[in-house]
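Trainee: Residues per chain are reported as follows:
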Amino acid sequence: MTTNAQGAVDYSTKIPNNVGLNDDQRVLKALEQWHPGYIDWWMTMGPEGFQTSDVYLRTAISIGPKGWAKFDYVKMPEYRWGILLAPQDESRMVNFGAHKGEKAWQEVPGEYRAMLRRLVVIQGDTEPASVEQQRHLGKTAPSLYDMRNLFQVNVEEGRHLWAMVYLLHKYFGRDGREEADGLLQRRSGDLDKPRMLGAFNESTPDWLSFFMFTFFTDRDGKMQLESLAQSGFDPLSRTCRFMLTEEAHHMFVGETGVGRTIERTCEAMKAAGIEDPYDINRVRALGVVDLPTLQKKANLHFSLSLDLFGSEVSTNAANFYNSGLKGRFNETRLDDDHLLTSATYPVLKFVDGAIRMVDEPALTAINMRLRDDYVKDCQGGVSRWNRIIEKAGIKFQLTLPSVAFNRAIGEFRNIHASPEGQLLSDGEWAARKDEWLPSKDDGAFIESLMKPCWDRGKYAGWISPPKVGIDSKPGDFEYVKIAVS
Amino acid sequence: MSDTTDKPAAPARIDFETAPERYKHWRIAVDGPVAELILDVDENATLRPGYQLKLNSYDLGVDIELADAVQRLRFEHPGVKVVVLRSGKDRVFCAGANIRMLAGSSHAHKVNFCKFTNETRFAMEDASAGSGQRYLCAIQGTAAGGGYELALACDEIILADDGNSSVSLPELPLLAVLPGTGGLTRVTDKRKVRRDRADVLCTLEEGLKGKRAADWRVVDQVVPRSRMDAAVREAAARLAAQSDRPSDVEGIKLTPLKRASDGGTVTYSSLRVEIDRPARRATLVILGPEAAPPADAAAMQCEGAAFWPLRLSRELDDALLDLRTNERDLGTLVFKSAGDPARVLAYDAFLEANSAHWLAREILHQWKRVLKRIDLTSRSLVALVEPGSCFAGTLAEIVLACDRSFMLIGTEKGDNRAATTMALSPLNFGAYPMSNGLTRLATRFLGEPESVEAARAAIGSTLDAEACEEAGLVTIAYDTIDYADEVRIFLEERASFSADGLTGLEANLRFAGPETMETKVFGRLTAWQNWIFQRPNAIGPDGALKRYGSGVKADFDPERV
Chain A
1 MTTNAQGAVD
11 YSTKIPNNVG
21 LNDDQRVLKA
31 LEQWHPGYID
41 WWMTMGPEGF
51 QTSDVYLRTA
61 ISIGPKGWAK
71 FDYVKMPEYR
81 WGILLAPQDE
91 SRMVNFGAHK
101 GEKAWQEVPG
111 EYRAMLRRLV
121 VIQGDTEPAS
131 VEQQRHLGKT
141 APSLYDMRNL
151 FQVNVEEGRH
161 LWAMVYLLHK
171 YFGRDGREEA
181 DGLLQRRSGD
191 LDKPRMLGAF
201 NESTPDWLSF
211 FMFTFFTDRD
221 GKMQLESLAQ
231 SGFDPLSRTC
241 RFMLTEEAHH
251 MFVGETGVGR
261 TIERTCEAMK
271 AAGIEDPYDI
281 NRVRALGVVD
291 LPTLQKKANL
301 HFSLSLDLFG
311 SEVSTNAANF
321 YNSGLKGRFN
331 ETRLDDDHLL
341 TSATYPVLKF
351 VDGAIRMVDE
361 PALTAINMRL
371 RDDYVKDCQG
381 GVSRWNRIIE
391 KAGIKFQLTL
401 PSVAFNRAIG
411 EFRNIHASPE
421 GQLLSDGEWA
431 ARKDEWLPSK
441 DDGAFIESLM
451 KPCWDRGKYA
461 GWISPPKVGI
471 DSKPGDFEYV
481 KIAVS
Chain B
1001 MSDTTDKPAA
1011 PARIDFETAP
1021 ERYKHWRIAV
1031 DGPVAELILD
1041 VDENATLRPG
1051 YQLKLNSYDL
1061 GVDIELADAV
1071 QRLRFEHPGV
1081 KVVVLRSGKD
1091 RVFCAGANIR
1101 MLAGSSHAHK
1111 VNFCKFTNET
1121 RFAMEDASAG
1131 SGQRYLCAIQ
1141 GTAAGGGYEL
1151 ALACDEIILA
1161 DDGNSSVSLP
1171 ELPLLAVLPG
1181 TGGLTRVTDK
1191 RKVRRDRADV
1201 LCTLEEGLKG
1211 KRAADWRVVD
1221 QVVPRSRMDA
1231 AVREAAARLA
1241 AQSDRPSDVE
1251 GIKLTPLKRA
1261 SDGGTVTYSS
1271 LRVEIDRPAR
1281 RATLVILGPE
1291 AAPPADAAAM
1301 QCEGAAFWPL
1311 RLSRELDDAL
1321 LDLRTNERDL
1331 GTLVFKSAGD
1341 PARVLAYDAF
1351 LEANSAHWLA
1361 REILHQWKRV
1371 LKRIDLTSRS
1381 LVALVEPGSC
1391 FAGTLAEIVL
1401 ACDRSFMLIG
1411 TEKGDNRAAT
1421 TMALSPLNFG
1431 AYPMSNGLTR
1441 LATRFLGEPE
1451 SVEAARAAIG
1461 STLDAEACEE
1471 AGLVTIAYDT
1481 IDYADEVRIF
1491 LEERASFSAD
1501 GLTGLEANLR
1511 FAGPETMETK
1521 VFGRLTAWQN
1531 WIFQRPNAIG
1541 PDGALKRYGS
1551 GVKADFDPER
1561 V
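Residue numbers (the working numbering), protein chains in the order written: chain A, 1 to 485; chain B, 1001 to 1561.
If you're looking for bench data, these hints aren't it; they were derived computationally from the structure. Note that this is a predicted model, so its numbers are computed, not measured. All C-beta atoms, glycine included, are put in the ideal place defined by N, C-alpha and C. Please note that a few of the clues may not be correct.
Claimed, not checked - Only some residues are given here: those of chain A computed to face chain B with a beta carbon under 10 angstroms: (1) ARG117; (2) PRO361; (3) CYS378.
Unchecked claim - Straight-line C-alpha distance at most 20 angstroms; calculated EDC-like pairs for lysine to aspartate or glutamate: (4) B:LYS1253 to B:GLU1303; (5) B:LYS1211 to A:GLU411; (6) A:LYS395 to A:ASP307; (7) B:LYS1054 to A:ASP307; (8) B:LYS1024 to A:ASP352; (9) B:LYS1211 to A:ASP181; (10) B:LYS1553 to A:ASP89; (11) B:LYS1054 to A:GLU360; (12) A:LYS100 to A:ASP89; (13) B:LYS1336 to B:GLU1234; (14) B:LYS1211 to A:GLU178; (15) A:LYS193 to B:ASP1090; (16) B:LYS1258 to B:GLU1021; (17) B:LYS1211 to A:ASP175; (18) B:LYS1089 to A:GLU178; (19) B:LYS1089 to A:GLU102; (20) A:LYS193 to B:GLU1274; (21) A:LYS100 to B:ASP1555; (22) A:LYS170 to A:ASP279; (23) A:LYS193 to B:ASP1229; (24) B:LYS1054 to A:ASP352; (25) A:LYS433 to A:ASP307.
Use the sequences and the hints to build the structure in full.
Mentor: Quick look at the structure:
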């Protein structure tokens, strides 16, 4: 069987694909050699305790609008992780940077090989990391619906890893194969072999963290994929474009997960006649998460995710852009010269003891620009959460903290700032940080709520049921048939 | 090229003196036989405005502190047998010389900066080879460019195997220049990395990590992060066991230098620098010892930094660095001396007799380094040996280091100072090798080894001008009729030549004989680097150094020269 230009997936190989693996024995062999290590990684680092359960998962069987989401029960280790790229557009160009107007590259340009490999490895490293971070969550799932969503996210992160490994094997020779092996060797939070980026070494201890993570951190992933989808290196662009269709679901899980938590809290407060959202003890006594604690969780995950954008002013980012390897969000829809060699962009910096805007060369401010787009994107979701609170008639608003708050990377890493962006001394910060970030007690309280609820159609007391089921299934659908082991 | 950045209206003098309590970028933590030397750069504490020292990158200010630390570890901490060099930052070891600083610096500053940093790297190796103070480098995070070169100057390198820590020499792919602090030479000559692998390393921006780094010998060990502390402890203990440094001995304090300047004359306790700007010349007058050497080593230790040979060496070192960096128009350095040659020889004898004592040993090595610093100073070096001078033993090395030396026969009429003489001591025959590994006498008499033996036979003798000329210790001896005029004419002629031409000429003629890592670094590497530093591919408006950080790629002229 050969490549089907319509995007059908070739299942004749061990690895489903639409890239003609059968005709590319070198890469097929490399991937088949990598495969056992991947399965081994999945069995040891993937979702713990549910590897033999049947899970109602979506599998892509083609990349067309109708075929990419086929639902059925599958045991996760048997999931058909495949190599799926958006269809090739023969007329596609490099759309920005010094090579703007050239035909998009189908092979890696030698001079950018190292740079591209680094981009692919960094993106690839985040995919297995989140699976590792979330591997214990199945045990405390608030419903079979949520459990299924978790596993869907997990297998798709696994597929995204495959996508990056395909690129490494196909285009980066022996170094690429070594890097692909490295992706299976690093471990989230491991002292000796940590994942490459900070936020991916933080723990995801509870479901609220999971929802926040999929809302905030996977949204960084979305922005990174969006900018890589602009790449002049066409295979990377096509890979990322397809990944984005899946990433959207992860953000849906995050936004609705937090939204349903808010909804349940508001509902319980009203039923108990509690109007003051800050009456935390009484709210907590209802077995729901009080809104101020949700705010703290949002503060934490937002600030950790901002760090993933790197330094506001960055030579690497400038090089990536100018080389045509990584563009801006919606690059082709932006109305400028797409060269940025003479433009400036305002960057929030810490200068002479104050936080202020400074115009920087736009080329070096690429990270800042992407982060601004990200913040806007986050704000949309936060506003939708606030509408739930508003509808319930509770006087409370969730907000995004200042970008200067709780930062470990970039302009504000050496200062302390409140969520409002006020500078704080070390002492003030130490005294007040528990007001803004989840404390030990907050964590213990959330943990106390994390009791599994695995009955069909039932939901833990701290979260509302979804409006509609996955694949339009009825409320009591058995999304996961838990195998008794 | 225009050198406008070079000469601002009133350039601030760069001071090479510092002390741990004033460090902004380094910390020394001594724990018995092991000291940690921790690089934790304050990115805002730069020597000049216009850049930030991000990612533990360095400028001359950071390196001045390092040089001071290396020096103090030897003198103030004789009990320290191993120095563990590491970063105080989490994910980065050291990113090397700051690129924006380099891009914004004049050619002369870059060259001076590279020379000084190279001298400091060799000073680290000298501490190990010369006085048993071993250097161990623990790399956690990235060691790029000068960061890896810093590690290369250590005896051993331990690299964390955490998927992030790496060593690299990305200068060529990233900046179109060479690693400027001996990286190329140390990779091939010290670590003996295969040349083709070295070629891979030097063209791979991201460098090497993990097992391959060890397999290729670019580091000695890779260890998991959780084993890092233990591995460093074990290696430190092993290196300490090889050291012959004393235990339980107090060091001496390297007290601040006494230096006064009125613009025209810089006065130290045993050195005076007289500046003649119209003639573009500085005269360094070395003052011999005021008294006989102390009774014994204990008394020497009591004198500490005031002990004449140590005091003079530090003052001379400071003056050389000051002249190199802050007085770049003074093309000729004239050395004179005043004092009692017998006393100088007495100090030589004292140091030789006590050479097993840690402090005497350190002082001999210190003189060796200062004399090398003279050899490597790109100014015309002239010795004027005149009545009342004391160029004997160790101080005679200065005459031998010069490009030309003139000696006055007898005394001028009415001058009641002692007639001009020189003398040699055993220290002229091995204590002070040049960077080519030979003594100055052996280098001077490369084609006539019998002259070295003749000189050895004259140890301790008082040699008058004719005898010195006969022995080849000076270029020429003039009598009172000719001396003043000949010297004047020579100096005027010298000042009329091209400064660049002279620098090249002198650097080529000074180091006859075999190649060593030092001669390769200060000769071959430096010459190539300084050529590249002038070329448009690096420093032109579209060159890599100028465009670095802008995101715009350099535009190279493909012509091979």
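Trainee: CA of B:LYS1211 to CA of A:ASP175, is that 20 angstroms or under?
Mentor: holds (13 angstroms)
Trainee: Check the hint pairing B:LYS1211 with A:GLU411 against an upper bound of 20 angstroms on the C-alpha distance.
Mentor: Since the Cα atoms of B:LYS1211 and A:GLU411 sit roughly 35 angstroms apart, the hinted pair is violated (cutoff 20 angstroms).
Trainee: Can you confirm whether the C-alpha distance between A:LYS100 and A:ASP89 stays at or below 20 angstroms?
Mentor: holds (17 angstroms)
Trainee: Within 20 angstroms, alpha carbon to alpha carbon, are B:LYS1089 and A:GLU178?
Mentor: violated (28 angstroms)
Trainee: Straight-line Cα separation of A:LYS193 and B:ASP1229 no greater than 20 angstroms?
Mentor: Holds, because 16 angstroms separates the two Cα atoms, which is no more than 20 angstroms.
Trainee: Please verify whether B:LYS1258 and B:GLU1021 have alpha carbons no more than 20 angstroms apart.
Mentor: holds (18 angstroms)
Trainee: What's the verdict on B:LYS1336 and B:GLU1234, does the C-alpha distance respect the 20 angstroms limit or exceed it?
Mentor: violated (50 angstroms)
Trainee: Can the restraint linking B:LYS1211 and A:GLU178 be considered satisfied, given a maximum Cα separation of 20 angstroms?
Mentor: Distance ~11 angstroms between B:LYS1211 and A:GLU178 Cα, so the pair holds.
Trainee: Tell me if the interface restraint on A:CYS378 is satisfied: Cβ within less than 10 angstroms of some Cβ in chain B.
Mentor: Since chain B brings no Cβ nearer than about 26 angstroms to A:CYS378, farther than 10 angstroms, the hint is violated.
Trainee: Check the hint pairing B:LYS1024 with A:ASP352 against an upper bound of 20 angstroms on the C-alpha distance.
Mentor: Distance of about 19 angstroms is within 20 angstroms: holds.
Trainee: Within 20 angstroms, alpha carbon to alpha carbon, are B:LYS1054 and A:ASP307?
Mentor: holds (17 angstroms)
Trainee: Go through the hint on A:ARG117 and say holds or violated, using the shortest Cβ distance to chain B against 10 angstroms.
Mentor: Hint holds; A:ARG117 Cβ to chain B Cβ min 8 angstroms, cut 10 angstroms.
Of the numbered hints given earlier, the model fails hints 3, 5, 6, 10, 13, 18, 19, 20 and 22; all others are met.
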